[in-house]
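Peer 1: Add chains D, Y and R to chain S, keeping to what the hints say.
Residue numbers (my numbering), protein chains in the order written: chain S, 46 to 446; chain D, 46 to 446; chain Y, 46 to 446; chain R, 46 to 446.
It is worth saying that the hints were derived from the structure and are not from the lab. One or more hints might be untrue.
Since the list gives no way to pick out one identical chain from another, each pair is judged satisfied if it fits inside one copy or across any two copies.
What the hints assert, rightly or not - Here are the simulated EDC-like cross-link-like pairs (lysine to aspartate or glutamate), alpha carbons at most 20 Å apart as the crow flies:
1) Lys430 / Asp179
2) Lys430 / Asp335
3) Lys430 / Asp107
4) Lys263 / Asp426
5) Lys291 / Glu147
6) Lys393 / Glu287
7) Lys265 / Asp215
8) Lys171 / Glu287
9) Lys430 / Asp446
10) Lys291 / Glu89
11) Lys291 / Glu269
12) Lys430 / Glu317
If you want the building blocks of each chain, they are given just below.
Protein chains: 4
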Amino acid sequence: MTLRNGRQFLSIPGPTTVPDEVLAAMHRPAIDIYGGEGGGELFEITTSCLKDLKTIFRTQGDTYIYVANGHGAWQGAVSNVLSAGDTVLVLESGRFAVGWGEMARSLGIEIESVAGDWRCAVDPAKVEAALRADTEGKIKAVLVVQIDTASGCVNDIPAIRTAMNAAGHDALLMVDTIASLACMPFEMDAWGVDVAVGGSQKGLMTPPGLSFVAAGPKAKERHESAGLRSSYWDWALRDMEEHYRKFCGTPPVHLLFGLRKAMDMILDEGLENIFHRHALLAGATHAAVDVWRESGAFDFNVTDPAQRSASVTTLRLRDDLRPEPIRAFCFDRLGVTLGLGIGDLSGKAFRIAHMGHVNAPMMLGTLGALEVALDVLGLTDDDSKGGIAAAAAYLGEALRD
Amino acid sequence: MTLRNGRQFLSIPGPTTVPDEVLAAMHRPAIDIYGGEGGGELFEITTSCLKDLKTIFRTQGDTYIYVANGHGAWQGAVSNVLSAGDTVLVLESGRFAVGWGEMARSLGIEIESVAGDWRCAVDPAKVEAALRADTEGKIKAVLVVQIDTASGCVNDIPAIRTAMNAAGHDALLMVDTIASLACMPFEMDAWGVDVAVGGSQKGLMTPPGLSFVAAGPKAKERHESAGLRSSYWDWALRDMEEHYRKFCGTPPVHLLFGLRKAMDMILDEGLENIFHRHALLAGATHAAVDVWRESGAFDFNVTDPAQRSASVTTLRLRDDLRPEPIRAFCFDRLGVTLGLGIGDLSGKAFRIAHMGHVNAPMMLGTLGALEVALDVLGLTDDDSKGGIAAAAAYLGEALRD
Amino acid sequence: MTLRNGRQFLSIPGPTTVPDEVLAAMHRPAIDIYGGEGGGELFEITTSCLKDLKTIFRTQGDTYIYVANGHGAWQGAVSNVLSAGDTVLVLESGRFAVGWGEMARSLGIEIESVAGDWRCAVDPAKVEAALRADTEGKIKAVLVVQIDTASGCVNDIPAIRTAMNAAGHDALLMVDTIASLACMPFEMDAWGVDVAVGGSQKGLMTPPGLSFVAAGPKAKERHESAGLRSSYWDWALRDMEEHYRKFCGTPPVHLLFGLRKAMDMILDEGLENIFHRHALLAGATHAAVDVWRESGAFDFNVTDPAQRSASVTTLRLRDDLRPEPIRAFCFDRLGVTLGLGIGDLSGKAFRIAHMGHVNAPMMLGTLGALEVALDVLGLTDDDSKGGIAAAAAYLGEALRD
Amino acid sequence: MTLRNGRQFLSIPGPTTVPDEVLAAMHRPAIDIYGGEGGGELFEITTSCLKDLKTIFRTQGDTYIYVANGHGAWQGAVSNVLSAGDTVLVLESGRFAVGWGEMARSLGIEIESVAGDWRCAVDPAKVEAALRADTEGKIKAVLVVQIDTASGCVNDIPAIRTAMNAAGHDALLMVDTIASLACMPFEMDAWGVDVAVGGSQKGLMTPPGLSFVAAGPKAKERHESAGLRSSYWDWALRDMEEHYRKFCGTPPVHLLFGLRKAMDMILDEGLENIFHRHALLAGATHAAVDVWRESGAFDFNVTDPAQRSASVTTLRLRDDLRPEPIRAFCFDRLGVTLGLGIGDLSGKAFRIAHMGHVNAPMMLGTLGALEVALDVLGLTDDDSKGGIAAAAAYLGEALRD
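One chain only, chain S, in its complex shape:
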């Protein structure tokens, strides 16, 4: 017996649920990519998207749209500001800053790391120490993710900037916001971020295939002498006038149709409202987990509640348990897809996304399904049932005013 037939619930931390409006915006015939004198519709879409990305990154810097996934933007970002032989400081807090570092290494960059733990955020004090130790100034950039999609951890970017300042180090601060942009506050300029990287497929609610880089003035200055620049990624070419330059070739027409619509939706709702929505849905998830974890079957991966992210919750299972039965029951019997644990948590964890196009009933439906699954699989007992009621109560409290 299955209760899965109906709209499927996708609760993986990206690519996230695409709004029907975005899918519909992409469902239209191809158009001319060469505008007339004034530019044409596609030119206007590109121009407005580049401009609205500034609003979303909260920067007056330059923005770039790559036809690439997030890893492409990683490569684009580092290749525009660094040279072979440069060193970067990688701040570990899960999987993704490490991955970005590996990417940099493939370009001939040396890697130093502030070792971290999958269960907690980057410690700014360690960053300061590592930078202070770099007396020769070999470190040219600090790589960090705002939210690590694998661990579910959120890093305190302003604190890291403060640490860098305290060390008096002039490395660039490069932040991966792929899993956080348009989910929680990010203030590129106010926080002193030099390079920010984003992707279409998470908070931006657009199918994967586009990624974004924003570059502040210090990054643009370093760019001038960066030795790793190459055509496909090069900001200098993209800063030229012609439309095709913005994409180093053919613009990604249909994905831009989608992105434009998604950004309209984001600006309509307002970033503050979006952040609040994510915070509350994360809070509801945490409230449910706080009940369920009493069974001892699993717990938050991130130990400090303040370091649990607004967009994804990673749950670490008791050593003798595997995530697959939970995922399988939710998918096969209930129509809910939960995220797998990945990297070091592969086979040891599962993830609940609350990211992008998600609202109260989607989240309550997901958590409700998980409550059913945990019950049937014997992973909750009388004391640890009712997580779903706790989630609803949390939202009731939050919406009471």
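Peer 2: Here is chains D, Y and R on its own, set in the frame of chain S:
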């Protein structure tokens, strides 16, 4: 602050959520409606839909697809088997049999009623009595709905048939299955139903615009002398060979694309599974309401649990309460649309649909949202919270085996 | 070898090509059909469609949208203004007025006919004569089509009105505009038309399933005593306030989404521009046929050029020829679907539609394909080739200013 | 007055018309990107696309799908087989091999060129001479396009391979098939091509955003020591097992849905049939131009008919004429978008695409529209009209058998 941005939840008892697959099936260019010798694609769709409707109505009788809504099918049904001056017996259990009777009256038919109550099902004993009283045989047909979408009541069709047989009356048994078809068992032939009426927009998961009639042999026999026959509805014309005859004119191309897809989904899942899914989701809803009702703010409209339908639950509010604040909170703040009370329950009730393309997380999300709304609006207290947990527990129990 | 792979060209005289914008408008989730106090989105769509239909019918009368195809609207129209035993005068000029008459007969109406010819328009003088002969005033309505989709003939509605006036007869003038509305001028009020009937699937560019009736004051007056009124069609019920009354039941949600979009497109382009576009595309078609017919293989069905319609051209083949090879070649090898001959022209004719969402390259592509087919099938010779060039030259001439 | 309202005709040489089926395939909810043990649907799509690309490239080599446009694939291709300081030989025949060379230069590669002419194909004898002159073996690869989208020229790849062999040079042969793949024969293995580059948005009928590289054994061998390898493009990483490796990160879910559908359509039609279709539609275009050019207003850009490509025809205007009025008339009045001249032909030429999802009536409609435009703009006279008839006659001749 709103948590509504995400996929909208539509929990009205029809038109129900249309599966993405059905919407997609309708999104294709128009095609030729005149097949070649063999018929062509549209001819095949029509033929297969007429055939599969027999499977769904569980009949070997003839099926008809009207380009009309359910009221059209009501008119189609009665006009094919009755003559002006005939009498029908209307079995009240809410709004819709009465409406069907009014429709019949507009065609010159006399109405007798078995008076009913919006809070309970038709009493077969009263039907038997009314038919026994018709010693002159004026009553030519009995009109009844299987599920009344307004009251949320389900009638026991086999028991009504038994009552008719007990009375030895030869009136036709005409059943409106608009809100029940493909939601709960219906056995046209086994139960001795002569005419059944259905619509596209509820259990059949297709946008409104198509309605269905199935006719058994006794109905077809009465048809021959029926005085109310007219071209648009006339079965005799639709029994002719040419494709356009099946629709008395232009076939409803895109709606048929949708219907074909929806019926494929239905047959893939299997009627038994669909009925079980509806029964469990209704059960989960009832479990939640059983907790919430402790507050005294509202209660089931249908008093006898056995008479509560598998497809819609109608909740009657305490006299001093109005449904609009609940509906408005759910819609504006949470993205969930609940059904209004209608007819006698207008302004006094609201409805939760669990009908058609609905699964566990959709239902749990809807009930979870309602739990939040009731909490914020002060319609539950400490003893009456946790309906959502009861719903999840109900499903856990049901899926445990 | 086939050259058919690409976008398919549908050149049948309805259901016509649905604009991508209309299909897209229908591809969205279902919404609540019960608005709040103010009505809600669907209520606004209904209201605006009813209003804009007045603009399109050019009337200040009342408009109605039926969930039905065109035949349904026929039945709706006559049942609202006539009583059993009334007589209607059917003006033959092809298939469809006759069909409307047959529909009326099924309702108990007597039929008189002004016999016509499939190759020419109704002769107003004969109409006058027939009405003058009706000294007893038995004729209550005159039924005529503006364009007969089968014969391709266009009738002169103002001239028929003049004839009726000349006869001093007070029958209603009821006009089927299904194949002409939004294709050529129609002036319901200025021309003295009492009842007009339309459908969604031709000039209105929406999938089939909706049909329209407009009623002027004289028709509304007759309505009061009309004996054939029945709920599903009854204007009196539809004149009531509640939204569901407008459709006698469930509104056809997704078709209304499509209709709204199509009417937006029509009003954006402007009726005058639309009529001009149709006139020119018909002219281009006629120019091509004027070349091809020199071969003797086929000719215009309508002999008088002034009586050839703006929306469809019917071509009658030489007695020894059949349309199927032409249709099959165009479809299988080229991707173009031509219309079949129907009714008396079944097996003897084929049809080229230039109706609705059709522009110059669609028409030139269709005619170009037909030129290829005629060539390959040996139905043109050196003197009768180049119809496509004549069509292009015609358009060049027309657009030169 | 405009005749543009109807389906828009897009005749630019990429991104080309996307089939409705492909757009529809992309219009579906997001799915899990992490399969279970067996992989899941997306894994199967990736695997099958990589396999079917081998069929389309006609190779047993390895294929790669980049989330990137064609320029990205250029960079991907060269970075996988070359090292900084290597030299490539660029074979000019228009815009695009030159562009590829510029891209390579940005990576630190030296460029030598076989100078060419926009009006003719690469001369294999010059290739042989250039390679013979490279006595030091500095040239590591030859870069050439099969069809230059700007000039409309097609190069003879087998002849170039023969020239390379004759020179006894071991440079890699790297071919850009972006504007030719699935439009005309390409035999990667049989022709001795080492690296081939393609894109989604032309013959492959999928929106832009994906590009493809196929690598033969010699290229894979060179890859091992290539110094320009970097993570995003690196074949070695993509040759690993995990699904995300195939895309170096998040797979481009919705574009893959589209690509899968497009490849299904390609394989259904068959490559030979597709090539034949393109050849005939190019032939029809050439036949029309052969008539129109008699006016002297414009002529084929490519002088030798044998060097005119199957996918795009570039037309060079008389010196005193500009393309914009022609483009504007076709777009504004007729709904047809022609391609601009680009690069050296900017402002001097326009282009007619016959590439991808295009059939006889689309092409005849486009050419018919151009015939109208040329007529109205006075660019044809009595002797040079009738190009459209010549196109139809050409197709008639071709389909006669």
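Peer 1: Look at each hint and say if it fits the structure.
Peer 2: Now for the hints, and whether the structure bears them out:
1. Taking identical chains as interchangeable, the C-alpha atoms of Lys430 and Asp179 are never at most 20 Å apart, the minima being 52 Å within one chain and 58 Å between chains.
2. In this assembly of identical chains, the alpha carbons of Lys430 and Asp335 lie at most 20 Å apart whether taken from the same copy (10 Å) or from different copies (18 Å).
3. For a Cα distance limit of 20 Å, the shortest separation of Lys430 from Asp107 qualifies neither inside one copy, at 50 Å, nor across copies, at 51 Å.
4. Proximity of Lys263 to Asp426 under the C-alpha cut-off of 20 Å is found in neither arrangement, the shortest distances being 56 Å within a copy and 57 Å between copies.
5. Within a single copy, Lys291 and Glu147 get their C-alpha atoms only as close as 27 Å, which misses the 20 Å cut-off; across copies the closest is 17 Å, which meets it.
6. Taking the shortest Cα distances, Lys393 and Glu287 sit within 20 Å of each other only across copies (18 Å), while inside one copy they are farther apart (50 Å).
7. In the homo-oligomer, the alpha carbons of Lys265 and Asp215 lie at most 20 Å apart inside one protomer (14 Å), although the nearest pairing across protomers, at 41 Å, exceeds that limit.
8. In this assembly of identical chains, the alpha carbons of Lys171 and Glu287 never lie at most 20 Å apart, being 45 Å within a copy and 34 Å across copies at closest.
9. For the homomeric pair Lys430 and Asp446, the shortest alpha-carbon distance between copies (19 Å) is at most 20 Å, but the shortest distance inside one copy (28 Å) is not.
10. For a Cα distance limit of 20 Å, the shortest separation of Lys291 from Glu89 inside one copy, 12 Å, qualifies, whereas the shortest one across copies, 33 Å, does not.
11. Proximity of Lys291 to Glu269 under the C-alpha cut-off of 20 Å is restricted to the intra-copy arrangement: shortest distance 18 Å within a copy versus 33 Å between copies.
12. In this homomeric assembly, Lys430 and Glu317 never come within 20 Å of each other (Cα to Cα): the closest approach is 33 Å inside a single copy and 31 Å across copies.
The structure is inconsistent with the numbered hints 1, 3, 4, 8 and 12, although it conforms to all the rest.
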